[in-house]
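Asks: Note that the numbering used here gives residue 218 to position 218 of the sequence shown, counting from 1, and the numbers run on in steps of one.
Treat each hint with caution, since some may be false.
Each computed BS3-like pair below joins lysine-lysine, with the alpha-carbon atoms no more than 30 Å apart [stated by the list, open to error]: (1) K727 <-> K753; (2) K1128 <-> K878; (3) K1173 <-> K1128; (4) K878 <-> K812; (5) K727 <-> K802; (6) K895 <-> K878; (7) K1128 <-> K812; (8) K849 <-> K812; (9) K812 <-> K1173; (10) K895 <-> K812; (11) K878 <-> K849; (12) K895 <-> K849; (13) K849 <-> K1173; (14) K878 <-> K1173; (15) K753 <-> K802.
If you are wondering where the hints come from, they were derived from the structure by calculation, not from laboratory data.
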Amino acid sequence: MGLGVSTSAYASTCLNRIWSCLIVRSGRTSELASRVSARKKGSSMRRLPFSFTIIFVCIALMGGSSCALYEDFEPLGAKPDDADIRSDADVADAAGEDADAGADAELDVDAQPDADADTDAQSDADAGEEPLFEIVVSDASLMLEVLQTHQLSAVLNDADGQAVSGAEFVWRSDDETIATVDATGLVEAVALGRTAIEVSAEGVSATVDVVVSMPVERVEIDPSSLALDVTQGAQLSATVYGANDFVLVDSEVVWSTSAPTIVSVDDTGRVEGLREGSATVRAVSGGKQADVSVEVSAPVTTLQLSPRPASVGVSENLQLSATLRDAAGNELSGRAISWSSADQSIATVDADGLVFGVVGGTVRITASSEGVSDSIDVLVANPVATVLVSPDPASVEVLGTVQLSAIVRDAGGNELSGRVVTWRSLDSSIASVDSFGVVTGREGGIVQITATVEGVTASAQVTVENVVISVDITPDTPTLEVTDTMQLTALAKNIRGNVIPNRTATWTSSDPTVAQVSSSGVISAMKGGTATITAQIDNITGTAEVTVDAPVHSVQVTPSSASIEVTQTLDLSATLKDKGGNTISSGSPIVWSSENNSIATVSASGRVTAVSKGVVNIVASVGGIQGSAAITVVTLPRSITVSPSTVVFNIGDSRELIADVRDANNQPITNVTVQWSTNAGATVNVTSSAPLTADLTALRSGNAIVVAVVNSGGGATIQTTVSVTSKAVVESVSVNPDYVSLFPGDQAQLEAKAYDFNSEIISGAAISWSSSDPQVATVSAAGLVSAVAVGRSEIIATSNGKVDSTIVDVVKWTDISAGQHYSCGVVSNGDAYCWGQNTTDGVLGNGTKDSGPDENNLVGDANAVTPVRVSGPRGRFKSISTGSFHTCGLSETGKAYCWGANGAGHLGTGGGSGSPTPLPVNGAYEFTAIRLGANHTCALDTENNLYCWGYNGDGQLGQGAGSASSYSAPRRISGHQFTDFAVGSLHTCAIAVTGSTYCWGKGNLGQVGDGNTTGSQSPVLVETAEEFVALSAGNNFTCGINASGEVYCWGDNHRAMLGDATTTNRLSPVRADPGYTYTTVFAGGVAACGRDTNEDVYCWGFNGQGNLGNGTVNGSEPSRVLVSGGYKWMDFSLGLQHTCGLTAAGDPAYCWGDNDFGQVGDGAPQEYLSIPKAVTNP
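Take the sequences, apply the hints, and build the full model.
Replies: Next up, the structure:
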């Protein structure tokens, strides 16, 4: 290793420099040693002609020392590369390079000597010492922006480190498209990129690394807006621009999203929709940013019904629920769902998924939403309700069978089939029963057979009979004389010939005139002859032949008495009797005679002919023995007619019926009574007014037959009929409902019913409809009312000259008020409506209350997401005012009504608990305005007296020092009369008739406006020179407007609601929204608004729920923002975090802002709405 050395002096000089370098830079020796092998283009110098194992070369640079480690193991005389020795600047540059270059940076210890270098070295040795030069540049590297310039300077040092004067430097740029350099070393950045500036002199050179950059001017995103479905992705691209629209291709872009749960974005700008909503995606580069709005929609992708499995009983309900999800599995709400039943004869389903079981069976219920559907099979169970066994009772012989059947019915009385019946005998020793209900007799007796179906049991009584096969009578051939008696005995025997005990026989005689037999078997001889006596047991008979001997004893005429009509005949017969009264025969003829032939005659055969009315005996004689019959001759009815024979009349009418009765000679009979009846007693009523007349009255429409009956003798009757028709006539008309309230454009269906005399509906009666004012409301021929314009019309239904009507009010909103978490309004007919969060005392006024334990723990089960009518008579209210937990309204006459909480007496009822319906405020006041604070109420009467009631713990009732903490009835503010007033949460302000403004109550935030924060229990002057014409108050601040339309506000300002572009509380009025004037000022909650002459409304203050209505959501708006929509506002009201307003049209009403509890009234609660939304009309 080494170089040829010509003189020792040169080596000595170098060694001295090495030593100086080691001493001066001893602290960097290690560092230099680690960097010595790094190769980089830069300053160069020739190697010294020395030969050492390790040579440290010291170079004086810029007044100091620089060291470079030179390490080589070349043979003596070899010449190393120039690049192997570097300046201190080179070493410093190398420190910034990647450590991975270390391997390449190490010197090649095996490098072969450069032949040319060796020759040069020899030449140098021959010529003597060669000067050593190095160029030192003022900057080792540069960072420039486009068009920026920088002056470089260079120094040429000799081997001793001394600057060489007069050196001429040549400057050159490796890439003049990136940076140029002139002859003086002035560098100018041209374009983005990296290049090197080289300076050379005396055969050596140095370079400066130059990097040209450009600052970011703006960032643009493509596309500028984006709409996605859930799970859908899209690629956003960001373009970074420098000056003059130069695109910075390699600039780093950082992506972010405002709502990571709605939209995701990766490092490349690819976005994906995660769930429904809106998000802003931002691209940032070089301190500049761009935003793109991404809207994510969530169409329904799955619909799942529950419960599964599903079953319901007949005439019972089952609630099905449908769960909707988007493509990401997020559950969706508020989507329309349609329901259908595949067979409504089995089960029906309504629009809410409520299934009603009709009859037993299985039916498929389907729910659909946005083209996605799901179905579920619902089993309609029809349980057994009753079982009837037939026949009951039943009988069967021993060893015989009888078939029983079970009739199964459900609760509706419908017969069920296919059900399993379990049969059972309660005593199988008497009778058994198989599974089919066949009963077999086993032994004589009575047994219960039961049938059980699905736990329901019924029974039938079965008698098993011991069958009689024969009956024996003893004695079997008796002989008796007339009037004798004899006991006979009958024995029942079964099929085996055995006597069946305890069987009673039924006795009969074949000829009772010869011999009679008693029920106990005693025979009595009646007359001569023979007779067969029969004993019957269970349809089996036995006989005995009886012989009776008897002589003739008497003659009996039959009938013994009779009544016959004139001209009629009657055949009599004569019977011969023995001693026992038995009929006997005789060979002697019977002789007939009449005791009075003028009444009746008798023929030889016994035929009697009636001659005239009267009584006569007819005598029959045989051999001196005679008998007679008493015959009465009468006149009887033989025909009847009724006049009129046909009646047609209306319900409620009456007619007289007259009967004409005649005998066989067609002569009238008047001494009889006619019986009247009808086959339709519900249709007509018939009553007898005299023996031959009746009154007939029509009861209901229909047909009837009236029957007139008269006794024609001997129990016989004759009759005639009258045909009756009763017609229904409209007597009255009823229209339902009796009152209708509609908004213009709405419709309502009326129903009219016609009633007859009995107040029963007449089906199909013709009804005509008319409107008293078609300019307000029209009505169709079917009773469909269409609202046309605001006003009142009477809709009339007419049928058969009878009329009824209903009142139709076509209304618009005339007043609106936004409360804490609810809203109320009044329509033009005087009805009040409220919507939003209800409370445990019923702040909505419709009679319902939240079931929570208190106002701070509400459960929301009585909230109303659309308007509900305040209870009480219709047309009660002219205006309404809302608060936190109570509400008040004024009638047309100025009567005040309040409802809701009453813990501090703020309903003004004189005490008592809260009420969910309106209660009148105590006293006969006529108020013109009423306004509410948190727990107190104030109202102004027609004589400018201001009254307040409720909580007074902060003096807000203005009753002065020492007053009570609350008052439950109105208390006048003494000492002043007022023209307007405003009520905050805990303070009150009012304008006196003198023009001065006073406030009282809590003043900790300056809301009293008297220049301090102490508050006051009595009215104090507001510290201002302004004379206000109207006031409006928020929670803890107040605003007033003067005659010039300038608005001033004071009090709490933490949300910039005072409009002075600050958040500093003001103890006295400051100008709000300077530079603008208004016609009306509105305040509420923590925001305020003003309406200008164009009827536009501008607002400022809290906007965290979008309640200022400008389409944005911000914590606060210190400067005014315009309420969106371009509406012309007539009325405006600010609640706690939501706002409502009315346009001049009054239809619809609008609300916006916080909607967690439905206080916007659009039927779809959500977190908030930032632009006006129409309230659903009631």
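Asks: Please write out, lowest number first, the hints stated earlier that are contradicted by the structure.
Replies: No hint contradicted; all consistent.
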